[in-house]
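Chains as they are written, first to last, in the working numbering: chain A, 1 to 365; chain B, 1 to 103; chain C, 1 to 164.
These are computed hints drawn from the structure, not numbers from a lab. Backbone N, C-alpha and C fix where the C-beta goes; we use that ideal spot for every residue, glycine too. Wrong hints could be hidden among the right ones.
Only some residues are given here: those of chain B computed to face chain C with a beta carbon under 8 Å [said to hold, decoys possible]:
#, residue
1, Trp9
2, Arg28
3, Val65
4, Met69
5, Glu97
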Amino acid sequence: MTLDVAIAAAKVLFSLFLALQVMGLGVFFERKVSALIQNRIGANRAAIFGFAGLGLVNTLVADPIKFLLKEDITPAEADRLLHFVAPCASLVPALATFAVVPFGDVLEVGGRMINLQGAELNVGLLFVLAMASLGVYGVVLGGWASNNRWSLLGGIRGSAQMISYEIAMGLALIGVVLTYNTLDLQEIARAQGHLLWGWVPAWGILYQPLAFVIFLVAGIAESKRIPFDLPESESELVSGYFTEYSGAKHLMFMMSDFVEVVLVAALVTTLFFGGWQVPYLGRDGFHFPWGAALALPSLAVAIVQVTAFALKMIAFTWLQIVIRWTLPRFRYDQLMRLGWKGLLPLSLANVMVSALLVLLAERGA
Amino acid sequence: MPPTAPLTWYLGLSAALFAIGAVGVLIRRNVIVIFMAIELMLNAVNLTFVALARSLGSMDGQVIVFFVMTVAAAEAAVGLAIIIALFRNRETTNADELVTLRW
Amino acid sequence: MSVPVFLVLAALLVAAALTVVTHPSPVYSACALVLTLFLLSVFFVGLDAQLVAALQVIVYAGAIVVLFLFVIMLLNLTQTEPHPTGGAPLVAVAVGGGVAVVTLVASALRRVTAPSTPGLPAGFGETAALARRLFTAYLLPFELTSVLLLVAIVGAVGLAKRRP
Numbered sequence: 001m002t003l004d005v006a007i008a009a010a011k012v013l014f015s016l017f018l019a020l021q022v023m024g025l026g027v028f029f030e031r032k033v034s035a036l037i038q039n040r041i042g043a044n045r046a047a048i049f050g051f052a053g054l055g056l057v058n059t060l061v062a063d064p065i066k067f068l069l070k071e072d073i074t075p076a077e078a079d080r081l082l083h084f085v086a087p088c089a090s091l092v093p094a095l096a097t098f099a100v101v102p103f104g105d106v107l108e109v110g111g112r113m114i115n116l117q118g119a120e121l122n123v124g125l126l127f128v129l130a131m132a133s134l135g136v137y138g139v140v141l142g143g144w145a146s147n148n149r150w151s152l153l154g155g156i157r158g159s160a161q162m163i164s165y166e167i168a169m170g171l172a173l174i175g176v177v178l179t180y181n182t183l184d185l186q187e188i189a190r191a192q193g194h195l196l197w198g199w200v201p202a203w204g205i206l207y208q209p210l211a212f213v214i215f216l217v218a219g220i221a222e223s224k225r226i227p228f229d230l231p232e233s234e235s236e237l238v239s240g241y242f243t244e245y246s247g248a249k250h251l252m253f254m255m256s257d258f259v260e261v262v263l264v265a266a267l268v269t270t271l272f273f274g275g276w277q278v279p280y281l282g283r284d285g286f287h288f289p290w291g292a293a294l295a296l297p298s299l300a301v302a303i304v305q306v307t308a309f310a311l312k313m314i315a316f317t318w319l320q321i322v323i324r325w326t327l328p329r330f331r332y333d334q335l336m337r338l339g340w341k342g343l344l345p346l347s348l349a350n351v352m353v354s355a356l357l358v359l360l361a362e363r364g365a
Numbered sequence: 001m002p003p004t005a006p007l008t009w010y011l012g013l014s015a016a017l018f019a020i021g022a023v024g025v026l027i028r029r030n031v032i033v034i035f036m037a038i039e040l041m042l043n044a045v046n047l048t049f050v051a052l053a054r055s056l057g058s059m060d061g062q063v064i065v066f067f068v069m070t071v072a073a074a075e076a077a078v079g080l081a082i083i084i085a086l087f088r089n090r091e092t093t094n095a096d097e098l099v100t101l102r103w
Numbered sequence: 001m002s003v004p005v006f007l008v009l010a011a012l013l014v015a016a017a018l019t020v021v022t023h024p025s026p027v028y029s030a031c032a033l034v035l036t037l038f039l040l041s042v043f044f045v046g047l048d049a050q051l052v053a054a055l056q057v058i059v060y061a062g063a064i065v066v067l068f069l070f071v072i073m074l075l076n077l078t079q080t081e082p083h084p085t086g087g088a089p090l091v092a093v094a095v096g097g098g099v100a101v102v103t104l105v106a107s108a109l110r111r112v113t114a115p116s117t118p119g120l121p122a123g124f125g126e127t128a129a130l131a132r133r134l135f136t137a138y139l140l141p142f143e144l145t146s147v148l149l150l151v152a153i154v155g156a157v158g159l160a161k162r163r164p
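Take these sequences, add in the hints, and give me the full structure.
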């Protein structure tokens with residue numbers, strides 16, 4: 001009984017650890033990739049004993065220390081309790097979603113098969129949508145509790161944007177659910193392991209390409225990244241809904257931004273790119289289509305799978321960062337028009353076509 | 001096996017929530033908070049349905065909860081639209097002042 | 001759900017519900033309502049109703065209360081009210097009535113013996129089980145609620161539109 005609890009706690013802590021490490025890398029990439037795109041070098045001055053590590057020390061050591069040591073200001077007429085709670089309300093749902101993201105297949109330890117997923121819910125995808133819905137409160141309460149007109153405007157705009165794109169995100173996911181017949185993310189990842197025509201891994205992108213595009217766009221809009229960052233547009237609303245936040249609370253808001261980037265990357269890899277699947281890698285080793293096989297112990301297989309998952313997450317985090325530093329910002333009405341008149345009908349059409357194809361495939365089989 | 005909470009405790013908790021919601025509707029003056037108390041009453045009934053569904057082993061209770069949630073969503077949308085329209089005309093959300101339909 | 005977990009969560013739930021009903025600021029009432037709905041979702045998980053619990057968070061806590069907060073901020077009703085409740089006699093009678101009802105129900109429940117719980121079928125509370133009941137025995141109400149939602153959307157937009 002306690003062993004079960006300890007194993008579950010270890011799995012959750014590991015998935016959180018993975019998420020936060022990739023988030024840290026994401027912050028570093030943000031600095032360096034933006035610098036490369038803009039033909040400059042980026043921050044690289046902070047150094048420990050002369051070791052500056054290309055700016056790693058600056059981004060991952062100096063910046064957090066700076067944020068944590070800054071003075072924590074609460075505006076005069078602001079609502080103290082909600083001003084304190086809003087950053088937490090923004091960060092906690094984003095981190096909690098990582099509990100249902102699978103980071104490996106199974107690990108066999110002492111005759112016991114451990115499913116490498118933090119929480120084995122049979123309504124995993126709905127849990128993801130539920131946490132996305134709860135993320136709205138951090139934005140709207142943070143905007144209101146600052147007692148600042150521009151924060152309130154940024155907060156209302158941000159939450160309106162988030163609830164609009166939540167709908168397109170959910171409907172895109174219905175296409176995925178129709179294809180795999182389950183809401184459990186681990187089962188979806190496992191189902192992408194078999195091979196089409198003997199050698200093509202059956203990843204989700206081959207079955208639901210439109211859902212991938214809709215989900216990626218809606219996910220970027222959910223996390224309020226450029227090109228959808230009007231709620232926090234630096235040139236127009238000062239800092240939008242987190243203008244009046246300083247020090248550790250500001251750090252929490254920024255963290256929740258990057259955690260959501262990593263979350264969208266993790267979900268896209270799990271649903272559309274096989275998650276932890278490495279092509280031709282089964283539970284007992286590699287089985288290549290040309291006949292060769294390589295047997296591997298369970299621990300090695302698990303390590304390869306977790307590494308593959310982490311690399312895929314990093315790739316999609318990098319993609320979102322490049323998108324951020326390349327595209328200009330959407331105007332608010334263009335943003336809402338895209339969400340309601342563009343993505344929503346497209347995702348509905350995707351659901352109908354997917355349902356029709358699933359029905360035909362079942363009739364034909 | 002640790003002892004599980006008996007069904008009657010869930011029903012009692014649901015009755016308490018319903019009573020709190022009903023008292024809220026009676027004593028508050030702000031129409032939005034009255035509306036929130038109505039949602040609280042609906043949720044108390046949801047708890048009753050889910051507890052009884054499990055006790056009787058039938059999924060019908062959960063299906064009814066699904067419908068209650070849908071109807072509550074529709075009702076919240078229309079009710080808040082009414083409040084917005086009312087506020088635009090009367091500039092108040094105090095239930096004591098919205099008395100035009102009374103004779 | 002085990003007894004100590006139930007008692008702790010029930011105490012939190014009643015405290016949150018009382019905050020909804022008594023706090024003078026509407027924004028705090030809305031936040032307390034979110035907490036109440038989330039705790040109810042936890043109760044649903046403990047009662048083997050996982051799909052309903054997820055829907056409770058998505059629909060109720062994540063959409064309906066956000067709508068409440070939007071209306072509160074749109075109409076700028078965020079000020080703390082100086083006199084949130086009606087007069088003292090009304091409050092006394094209402095609270096007395098509420099306490100009387102709860103006492104009545106509690107005493108009736110004490111005299112009742114709960115039916116013996118049959119073994120739950122496999123997959124109770126999961127999506128497939130709910131869907132099976134929903135699309136067979138409850139198909140007509142399902143279609144009617146979709147029409148109801150359409151009517152509600154059209155009605156809400158029509159009511160809240162600004163007349164030019």
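We went through each hint and held it up to the structure:
| no. | hint | in the structure |
| --- | --- | --- |
| 1 | Trp9 | 7 Å, holds |
| 2 | Arg28 | 6 Å, holds |
| 3 | Val65 | 5 Å, holds |
| 4 | Met69 | 5 Å, holds |
| 5 | Glu97 | 12 Å, violated |
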